[in-house]
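Engineer: Let chain A serve as the given structure and place chains B, C and D on it in line with the hints.
4 protein chains.
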Amino acid sequence: MPKFKVGIVGATGYTGSELLRLLIHHPDITIECVTSETHAGKRITDIHPHLLDISDIRLESSDNISDYDLDLVFLALPHGVSMSFVKEHGLDKFLTVDLSGDFRLPNKKVYEKWYKKKHVAETYFENAVFGLPELYRHEIRNARLVANPGCYPTSAILPLTPLVKYDMIQTSGIVVDSKSGVTGAGAKAKPGTHFPDLFGNFSAYGLTSHRHTPEIESVIHNYTGYTTEVLFSPHLLPIDRGILTTTYSTPKKEVSKEMVEELFYSVFEKEHFIRVVDRPPLLKHVRGSNYCDVHVTYDERTNKIITVSTIDNLMKGAAGQAVQNMNIMFGLIESTGLQHIPLNP
Amino acid sequence: MPKFKVGIVGATGYTGSELLRLLIHHPDITIECVTSETHAGKRITDIHPHLLDISDIRLESSDNISDYDLDLVFLALPHGVSMSFVKEHGLDKFLTVDLSGDFRLPNKKVYEKWYKKKHVAETYFENAVFGLPELYRHEIRNARLVANPGCYPTSAILPLTPLVKYDMIQTSGIVVDSKSGVTGAGAKAKPGTHFPDLFGNFSAYGLTSHRHTPEIESVIHNYTGYTTEVLFSPHLLPIDRGILTTTYSTPKKEVSKEMVEELFYSVFEKEHFIRVVDRPPLLKHVRGSNYCDVHVTYDERTNKIITVSTIDNLMKGAAGQAVQNMNIMFGLIESTGLQHIPLNP
Amino acid sequence: MPKFKVGIVGATGYTGSELLRLLIHHPDITIECVTSETHAGKRITDIHPHLLDISDIRLESSDNISDYDLDLVFLALPHGVSMSFVKEHGLDKFLTVDLSGDFRLPNKKVYEKWYKKKHVAETYFENAVFGLPELYRHEIRNARLVANPGCYPTSAILPLTPLVKYDMIQTSGIVVDSKSGVTGAGAKAKPGTHFPDLFGNFSAYGLTSHRHTPEIESVIHNYTGYTTEVLFSPHLLPIDRGILTTTYSTPKKEVSKEMVEELFYSVFEKEHFIRVVDRPPLLKHVRGSNYCDVHVTYDERTNKIITVSTIDNLMKGAAGQAVQNMNIMFGLIESTGLQHIPLNP
Amino acid sequence: MPKFKVGIVGATGYTGSELLRLLIHHPDITIECVTSETHAGKRITDIHPHLLDISDIRLESSDNISDYDLDLVFLALPHGVSMSFVKEHGLDKFLTVDLSGDFRLPNKKVYEKWYKKKHVAETYFENAVFGLPELYRHEIRNARLVANPGCYPTSAILPLTPLVKYDMIQTSGIVVDSKSGVTGAGAKAKPGTHFPDLFGNFSAYGLTSHRHTPEIESVIHNYTGYTTEVLFSPHLLPIDRGILTTTYSTPKKEVSKEMVEELFYSVFEKEHFIRVVDRPPLLKHVRGSNYCDVHVTYDERTNKIITVSTIDNLMKGAAGQAVQNMNIMFGLIESTGLQHIPLNP
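Protein chains in written order, with UniProt numbering: chain A, 1 to 345; chain B, 1 to 345; chain C, 1 to 345; chain D, 1 to 345.
Hints listed in this document are in silico derivations from the structure and should not be mistaken for laboratory results. Be aware that a few hints might be false.
Copies of the same chain are indistinguishable here, so a pair counts whether it falls within one copy or spans any two.
[As the list claims (entries may be wrong)] Here are the simulated lysine-lysine pairs, DSS-like style, with alpha carbons at most 27 Å apart: (1) K190 <-> K42; (2) K116 <-> K257; (3) K113 <-> K257; (4) K270 <-> K42; (5) K165 <-> K252; (6) K42 <-> K257; (7) K190 <-> K93; (8) K117 <-> K87; (9) K117 <-> K42; (10) K108 <-> K252; (11) K188 <-> K118; (12) K118 <-> K108; (13) K87 <-> K108; (14) K253 <-> K165; (15) K257 <-> K188; (16) K270 <-> K165; (17) K257 <-> K270; (18) K87 <-> K118.
Chain A on its own, in the form it takes in the complex:
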């Protein structure tokens, strides 16, 4: 079988770097071009020295994209830049997996409210499929534009949708308390990510205003038909990789610990990358892998359902999920090239 040809647009950030880690050894694709506007002309190892002897790719400008005959392009670009790329290139030349937030929300209006930024490619919202394979596998198969989910939303939507869909929980008062490693904030040094300030530290941020809130709510609505109200509270963990999300919700009817566990086992039984675990999961048990570990329990005393889920934010929360989407779009086995065993300890 001839290999599929892919390009990576914007390869100097953490998600670009992680895409390279996954795609270099992917058996069914070749990386045709890798772009960076600021570093065009340099070797990839000038930017990512850990790839020495592994890849000798040269970075080029995304203007060169049209010179290649590509099957698919990953956009590892900042919010606001992806939409310009899509506007310029359209969706006919190649399939597109966008890792930014530009096409995750239902429409321009919601986008502009939460991202405080004008959307320049609104006509493409109708083409975009939300790239969470466990929910939208069939739609992804035929999509030309996949909006790869945010890392926080991935960790929250996976445990919440079964509860909402199967009428287990009330749709208001859902609390999502998330804790993320610092790679989630991107590869660029900024005052808030200076090492000595974060080391040994911990804090909440973006309470009541984080842009992942509407992403969680709109996907749950789209998938289950229910309108939910989700309070999303992100916290910054003093580690490099990983998100752990704890959710709290109130049962709609009488439930038991066994009932919610069975629901999770049955919903996720055939999912390669979802592991239902019988104890609260540990972040390092998914490090470097594409797994999402999910735990659910019910507290009789307070009548609350609790879920705890873990992902590596650069894998199932970004690049791993993007490759999973690519596999689906190409008709490959979904886990191809994604068999990384967690790096533990």
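Structural biologist: For chains B, C and D alone, kept in the frame of chain A given last:
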């Protein structure tokens, strides 16, 4: 003024070590004796080498306690051992500040249910005052036995009591999502605290069953008159010191962000160790100090009141609070010897 | 081609776990049996929960080893236990790669001096080949017993041997200042590896007495013919994985920065897992991979040659190197199943 | 006794912040003014929120310095800026403790070679006393300009000077292998200090070219009369605070472990802030304190003297030492206001 004479029973753990850090330079007391059953006869610097040139105390058996004329004894002992000490020595010889959980709960029955352990000194429950000065300052002043609060409960009770007492929130459905550094698990090496397994890791534990749950509920009840249902979920942060607690509750009546902020400013205005902050607090801003930083906000979209509070678990969560209680019991200014400025960064 | 059949004896430690990570997806072998005396009967996921859905192996006693027709056995056992296994099973039934220190030293006498332990299988010293492929590839190919190198020695021998062999440095006064992550101390919790005590901490240990000293010296002697005197100083880094070793030595003759760099480029040119880098290497650039990054420079002012090398102690320092040895012993391409790209950041 | 009046010029960095931590509670001084050019007009708590309720100082421009009647000024300014301040204000108005590197080296020529920067106040080199009290206590007492030592040099000079001065070691071939926490790189976020890149990482840097080399050599020369050649290799530890320095040197004559230990005990016997320890010291045993812990040993096998020393780089390596110098200049007891017990664990 002659100095007060104190003893530390059980000085080889983290709280014992932190008590020494605070008491060695305390201007109004002298440390008369420091005990350890396993290390009696050794110098304190054999166990705590960082005290070299600072203290030349020798450890002795607690059997020797009666040889001293003490004003107050700190019990830095494991749960279950403190009560035996109290049973043996009574409360007449010296004032007692117990840093274990043996006298924090309202009675023997609740204790035995949550601690899975027989209580051997139940008659002293009626003497014990819960040592949270911001709530029970007057009772502490006249107490002979102070039950020093748990670290998690301190971080949860301080932000929750104003909301409950001033009728701001519904008493059911209160979620307390706490994250603690590893010193909270004690100084003894165990499988769960092996460095490589925790480094870069994060997890929840003790969901629905942690013994700090009844401590939080019973103190809120005792102080406010309201019976609450609190879901307490602890998580283990891969750092040494510090607890950050996020709480979620539902307003009882119409509220606004300004209203809850004003409530906190007014309730804590005169509290030396409580700092109401207008942004989510950072753990390192209280490291090594006796402060509790508290933030409160209201999310209109989901109608939830959120609080975030931070303490150093060995200070306001243990030894610092114990010294604060001692100061009150001795009639000293409450902040004497506790003016440590946070060690940041 | 039929697959080779291997066993892992002692799979519950960190090197056992890392061997599983590497061997489960190795294309040319099957894992026939995995042993643990203390956990025989349990599933591997009871001990290593991160392998859930990845492996359903059951642990058995090493007494069962004889029931299998094995091509090779990895001994991931503590020092002192491997030699008993070898004594019992001999070398005829299967090839053996021993990850302990039992056969790394030249003979019983040196072993007993540094390990303070009686050696019970001394006749096998003559069979043992030191498993550093970059030095002993040909010998490994025909060996029946490979003594897999220690993690520290691997990081020190690789940069030092070219300098000694090509007569670049004086053989006395060689300083090896090593810094290792805590997984090097094993998977068992002990007082010295309690999380709060190591977090944010750093120290030297085992100055002048570490048992890796004779391993470094004897291998350099065996390989180059020169007798050296190496001062080896280990330090404990507050991280999970990785060793960085800085060496200092004095030129024997006139050298230049360019000369030593060229030597390294030429010596390591064809080595798949050695990357000569032109700047001091970073630990995370080898994390999770089998690479050893090596940097060399010359300081004219003080007339010293400096090398800095990095490895992942569980990979090139243990399990990765063991699999590399296995590949050689089986006549496979040396990098088979070891193409892990460093997990960075 | 009326209190001494001091100013802090440049208070927004880490050393400025640490000076505030030390001076706010210092019993014999008052902080008259605190300056920042970029934040003039703001409250100190806008920049250092952890000082909330502790200090209500307002930042002002250093132009205002002349409005105050100050006894002493701390310059917590970047290299290159301090000298302009000294040039402008001279040394008559107030005593000056400069925490930058501008006056640490012997003269303009050496400065410009290593700092690659023009020196604009060369006439003041002759006034500057190197502020290491253990070496220059008497000179500091009468100095009007004290050049506060660099953090690395402090950790290297303290263990090396006894060995050089008492003729114990050869003056060439001295290796100084230092490991520093990241606060040593300053409070400003830069690409090299981005949290995810340093977390769990470790590396050497500035090999053969670090500007602390001439500081170490010139101070040893000045103090002992011997010209030494020191190879200084800094490494970056993934922690916030602390420097550990390991030195290696060759005896000039026959020595023993006991001899070098006795030398250290006798030299440092009366030094309040130097603790000679009989085991390799731990970084956290000095955290937050002004101690320097020093260990010395001799390796007979390789005939090398090894020292290991630890400091908190913001304390004995910067602000703590600056306050120690101030105490001496004011004729106060040297440890006044510096009695912080190490924050361990």
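Engineer: For each hint, tell me whether it holds in the structure or not.
Structural biologist: Consistency of the hints with the structure:
1. In this assembly of identical chains, the alpha carbons of K190 and K42 lie at most 27 Å apart whether taken from the same copy (24 Å) or from different copies (22 Å).
2. Proximity of K116 and K257 under a CA criterion of 27 Å is satisfied inter-copy only: 22 Å between copies versus 42 Å inside one chain copy.
3. In this assembly of identical chains, the alpha carbons of K113 and K257 lie at most 27 Å apart only when taken from different copies (21 Å versus 39 Å within one copy).
4. Taking the closest pair of Cα atoms, K270 and K42 come within 27 Å of each other only across two copies (25 Å); inside a single copy the shortest separation is 43 Å, beyond that limit.
5. Proximity of K165 and K252 under a CA criterion of 27 Å is satisfied intra-copy only: 12 Å inside one chain copy versus 29 Å between copies.
6. With identical chains, the CA atoms of K42 and K257 are at most 27 Å apart between copies only, with a shortest distance of 26 Å across copies and 56 Å within one.
7. Taking the shortest alpha-carbon separations for K190 and K93, neither the intra-copy value of 36 Å nor the inter-copy value of 39 Å comes in at or below 27 Å.
8. When the C-alpha separation of K117 and K87 is checked against a cutoff of 27 Å, the pair qualifies only within one copy, where the shortest distance is 16 Å, while the shortest distance between copies is 49 Å.
9. Neither within a single protomer nor between protomers do K117 and K42 lie at most 27 Å apart by alpha-carbon distance, with minima of 31 Å and 31 Å respectively.
10. Proximity of K108 to K252 under the C-alpha cut-off of 27 Å is found in neither arrangement, the shortest distances being 33 Å within a copy and 36 Å between copies.
11. Within a single copy, K188 and K118 get their C-alpha atoms as close as 23 Å, which meets the 27 Å cut-off; across copies the closest is 32 Å, which misses it.
12. For a Cα distance limit of 27 Å, the shortest separation of K118 from K108 inside one copy, 8 Å, qualifies, whereas the shortest one across copies, 56 Å, does not.
13. In this assembly of identical chains, the alpha carbons of K87 and K108 lie at most 27 Å apart only when taken from the same copy (14 Å versus 59 Å across copies).
14. In this assembly of identical chains, K253 and K165 lie within 27 Å of each other by CA distance solely inside one copy; the values are 14 Å within and 31 Å between copies.
15. Taking the shortest alpha-carbon separations for K257 and K188, neither the intra-copy value of 43 Å nor the inter-copy value of 33 Å comes in at or below 27 Å.
16. In the homo-oligomer, the alpha carbons of K270 and K165 lie at most 27 Å apart inside one protomer (18 Å), although the nearest pairing across protomers, at 49 Å, exceeds that limit.
17. For a Cα distance limit of 27 Å, the shortest separation of K257 from K270 inside one copy, 22 Å, qualifies, whereas the shortest one across copies, 45 Å, does not.
18. Taking the shortest Cα distances, K87 and K118 sit within 27 Å of each other inside one copy (13 Å), while across copies they are farther apart (52 Å).
Violation of the numbered hints given earlier is confined to hints 7, 9, 10 and 15; the remaining hints are satisfied by the structure.
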